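Residue numbers (the numbering used here), protein chains in the order written: chain B, 245 to 503; chain P, 12 to 829; chain W, 110 to 332; chain R, 338 to 529.
For the record, the hints were derived by calculation from the structure and aren't laboratory data.
None of the values given here were measured: they were computed from a predicted structure.
There are no misleading hints in this set.
Straight line, CA to CA, 20 angstroms or less: simulated DMTMM-like cross-link-like pairs of lysine to aspartate or glutamate:
(1) B/K276 to P/D742
(2) B/K456 to W/E264
(3) P/K461 to R/D461
(4) P/K339 to R/E484
(5) P/K339 to P/D682
(6) P/K450 to R/E466
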Amino acid sequence: MAKAMLVDLSKCIGCRACQVACKEWNQNAGEKTENTGTYENPPDLSPQTWTKIKFVEQNSGDNVKWLFRRMMCQHCTDAACEKVCPPKAISHLETTAVVIDQEKCTGCKYCISACPFNVPRYDAADNKAKKCTLCIDRISNGLIPACAKVCAPGAVQFGERSDMVKLAKARMDALKTKGVNDLRLYGESELGGLGVMVLMTAAAEDYGFPDKPSFPVSVNLWQDYLKPLTIVAGGGGILAVLVSFIGSIGYKHKQEGGE
Amino acid sequence: MGPTFGRGAMTQSWIDIKNSDVIMVCGSNPAENHPVSFKWVTKAMENGAKLIVVDPRFTRTASKADIFAHLRPGTDIAFFGGIINYIITNKMYHEDYIKSYSNASYLINPGYSFKDGLFSGYNDKDRKYVTDSWSYQTNDAGATIKDATLQDPACVFQLMKQHYSRYTPEIVAKTCGIPQAKFQEIAKTFAATGAKDKAGTLLYAMGLTQHTVGVQNIRAFSIIQILLGNMGIAGGGINALRGESNVQGSTDFGLLAGSLPGYNNLPDAAKHPTLAKYKESEVTKTGFTQNRAKWLISMLKAWWGDNASADNDFAYHYLPKNGAGFQKSGYTWIALFEAMYAKQIKGLLCWGQNPAVSGPNSNLETAALEKLEWMMVADLWKTETAEFWKRPGVKPENIKTEVFLLPAALSYEKQGSITNSGRLIQWRYKATDAPDKAKDDLWMVDTLYKEIKALYQGDPNAKFPAPILNLNWDYGQEPDSKMVAKEINGYTVADKKQLASFAKLADDGSTGCGNWIYSGYFVGDGPADNKAAARDTKADPGGLGLYPGWGYSWPLNRKIIYNRCSCDTAGNPWNPQKVLVQWDGAKWITNDVADFGAKDAATGNPITPDKTASAPYIMLAEGQARIFVPKGAIKDGPFPEQYEPVESVIKNPLSAQQINPAAKIWGADKDKLTAFGSKICPIIAITYRVTEHWQTGSMTRNLPWLTELMPEMFVEISPVLAERKQIAHGDWVTVASARGTVSARAIVTERLQGFKLCTGEPEVAGMPFHYGYTGLVTGGPDEDKNYSVNQLSPHVAEPNTGMPEYKTFLVDVRKAVT
Amino acid sequence: MAKQPVFKDGQVLRFSTAARVLHTVHLLSFFTLLYTGLARLWPETNVLLGGDLLLGQTIHHLAAVVFIAVPVALALLYPRGALHFLKTLFSWDKDDTRWMIKFIPWMIRPQAVKLPPQGQEKAGQKVSAWIIIGFCLLIAVSGGLMWIAQFMPSELMKWMYAIHDVSMIILLFVIVMHIYMGVLFPATRRSWTSMITGYVPEEEARHGWRKWYDDLKKGQQTV
Amino acid sequence: MKLSTGLTRRTFLKGAGAAAAATILGDLGFDLTPVALAAQNLRIKTAKENMTVCCFCSVGCGAIVHTSDGKVINIEGDPDNPLNQGTLCSKGQAMYQLTKNKRRLDTVLYRAPGAKDWQTKDWDWAMKEIAKRVKKTRDSSFMEMDEAGITVNRTEAIAQLGGAAHDNEECYLLSKLGRALGIVYLEHQARI
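Next up, chain B with everything else stripped away, as it sits in the complex (with noise of 0.2 angstroms):
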């Protein structure tokens, strides 16, 4: 059966180890950064930065709320980059993992502008594109990704897709009655589903997310039509020139007449 991530916001307190974990696991190099008004950073995704929490900070009156957002990839089921790479190298795996095949991507980083959430980077040193993989290495040998495993708190869980909707639910049922609202069980149909669900206490907007994720239209339009327009192309243009062809034959230079 399918399996899902399940990103709790209402339990992340920002501790970022899962930034770190994700980092040791896949032997990532940490990057040189400087401070910019904020405890965020490194500032982006990278290609060594598969992972990381986005701190929104929202002030209405004298309370303040403390947002933490988890950037990574969402592994969506209907996955744009998985459908625009010109060399099939994305693919899905363990039913869920969406993974880039390093050895096929050929570095045309047309994933990093198709993706609704902005999460493949472009590595110029080995000219290929890098994105959380799901520790599709762990998962393939029946352990849960690094991050998973690290987060104290429990706000990323990891396991069979029903199981990660109902520890979902359960748990947006015991905030409703502590008073929490606009809970969101973001990912669950978004997309076909996404592999990567987040349970959100706040609208999406404020976490950094489209509130209907979807296909950018260039892609969704134009992918469908690429191939095929292609073959119209070719074959329309050689079907003009038999038609041609075959009226002209018999044509005599001269018959055409003077000028």
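With the hints as your guide, set chains P, W and R onto chain B.
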């Protein structure tokens, strides 16, 4: 907590937090500084627990809180006093609990008084109290007079009631800056744990202790917990979230001035010139401390072996005796560095510590290092302490101190045990070799001793070589931590057999034991004898998460101390769902090891609950928790009283005494203080830690994965202050106190706010203390800048422990002139 | 470049050397670009390069540089020629319109259609030139941006890929017609030799590009 | 092919997904896609597990240090430890970089008075020199009696600091050696 309950350690274990109904976080930031503790806070909250966070700053812990309030730094006692007052006026205290388990009913001598901020017996010449007047009334037979009805005006309960009646919600609002409605909500929520079957716990850390009223902060909350009956029950207690992996162990082993392993006091020249005098004052008639002589003598046997025998008082005179210390201010941290600064200290052995960044007023303390003749540092990196002679702003050629820097091994490059702050001892294994020449500290200490011993053997006219030459020190050619562990655990001298526990320690020299509280953790050579290495996770009696099969909690693997209080006098648990111990009519059912006499040691048959009902706090002579602390156990008052920090912008709303009358203040030339009312430094500064760095940062500022997360020194200020000082987000600013300056990036955030309810609406600036001038990342781009915040903190200390006041002093924040 | 005589033993100079060099280079690089580009959609077609898509991409980039650099270089070297070429392309008169109307019937049965006289470039040739140059520009710009996509805003880049491929498709169609016209279409199939020699038979020139032929006769140098 | 946001694409993908999964399941060694191959080799599969406790704060989280022939290849939480049950914080998870770090001290260093830089020394020399200084300072400042004539046997000229990050057994020897030398200025991190 020592003076109130008898032991200075965390009263619960980390896992037990999940059993709490209300968790108060004050003076700590567990989500950031002890993130994994939040696994258990989250579990508790999932079972419906409420989280209250009261802090000058909205931290990551606060982001998960049900109730949050900004508190002006240094006013914790006003806040706790307000809660005590609330509990008493609304009668939410747990009456039977305080009647049988605390000294609420004791009558106090009329000599005791409290007027306008001062307790009786104050001598302002040497800023010390004479504490004789703080004593219980005793009848001519010497027994304490008690009034079980708690009505007698001289009883502790009434004195307390009268003392805290001054802490009204208005005063709390004016002093702490907490609006009354919010204060009522907090007080009501926490006081609800006074109910019999409810448990409330406090998670505190340096935020409460690093003040000139540090001990009294904890005392104040201890009184709350006694009144609400939260001590000794599952999910209830007071928890010091300690910062270092083995700070509990290092404190247990007496690495503090005036302390010996097992919390026996180091002999004091005035009080215990001889062993007999030591027994007279340290060994009590009642309570478990009547065995202290056995513990000390067993230690002396372990240290000096056959050279310690009855006829030479077991080599008691080999131990150095405490004197008055530097200018009569003792030998604690600040006194030590003041003595070094005054050239009295010539040599320093610095084992795995980085005082150049962690010590207060580091401009004075690093200047003190320059006065040393020689110094040895054992560490994993080139730390600021090791390279103080080439710190920014000094010329190495003018500094004559010799420095030996020894490369040390890491926690998993050696084998041994450490104790977490829940008193749990766990064994660690060696996974890989230390880099090249680096050695573990066990080897270093062993080798250093052997070299010193050789020198003393070779010099006939050395000064009093006996304690060195006669030391019982043989842990093998390459020292083996297991042999050391066996000595710590204790053994019978005759046949060197390991003891099962401290119960069998004797004061006749027949047993040797390095540290009595650890006795029972290493009981032999067999695989199961190393209790610290036990890894059974199945046993979880009562489902409380005690896990007695995992590791070994001192003493005797007891998880929750004072657990006799979890039952009423007849032995029925207050909360039937969370049973630690229970009297089933015939015997005690013990899910946790009993912290009282459950079975008669000789006959083995059970002791009925009524016998132990009157003394659940076995480490105190009176056996009952002290709301009122008599005589010398505390130096600055039997009841906690609110005083302002030494550097404050507000007049003490509670009494005429501006600061703690017994606070210790030093007067070296670099000890300048910002006077009350000065306009130069009007902003309250607080220092703290962040998740991504640890203590002085020497360990974490050399790891790329962590420097990436927190690269630079920063100061957090409110938008109001930023606007007033024309500081924008991310600007470099200079923060200055009377003692030094530091540069930092500005984080302008609503998470910090001025205290509108306090006079003058003071602002607050928060800074982490992890940065310095060596390492992969020092805290900023400039090579010639010292980014350590402790250049600003003052040399003033709490009277009982000598703890410096890091958590609140005065600074000014200015845009950096570039 | 040596001045070439306009009339030489019954042939008329139609394409200067520069034009021919440009055309050949474009011919070669276009097909390389097409081949390596299509490998993206059908990796299995990448047989010539042994399926090495990365090599394909490098060659694609190389060919792209040539594809853009050569016309620019030649335009700089022969500004006058380039200007003239553009001028002719963008001149349009009634005859051109009438030509275009008859274009489809002419394509189907050239023998039954009589075309109005045309200048140096037939209307059809002008239109197809516009399309080719236009989309080549588009494909060059979008390709260039794709090359440095990691620095570009992803909103913009989403469309670049689409533009690049759409341009390829249209160019594919037009090029097929272009080749057909030049090589197979009975009415004009002999003109591909002119791209090699640069000359067309005088009679062909008179027949196909009457106005251009008359100008040449009057001695105007029009290449 | 209509603008397929409906079923066709999902079923197609599911099919593709199933196909990919089939290759995984059919991993009896034939026609594995490179990605699936990469997925197989778990880098800690044959590693030796060493148990340790995190060296940072005092929660005491358990951790497993995976080593292969003595070299550390991975560190993650110890799932059996009831305190943290396999989880860690950002510092604990970064412990891996403590041992593989070229900034770690690996030789004995000595700074002469007034010197601008370190000199490399060896253990034997350093330990003997330190012992000499300890003895010289102790003997020159040792007080057998205080002014009131009470035997005190202490030296106030040597201070000993540290350490809260040592093992218990190391703390014990530090305490034992310090007191045997007569040191009373003996403090460590717990005080500050």
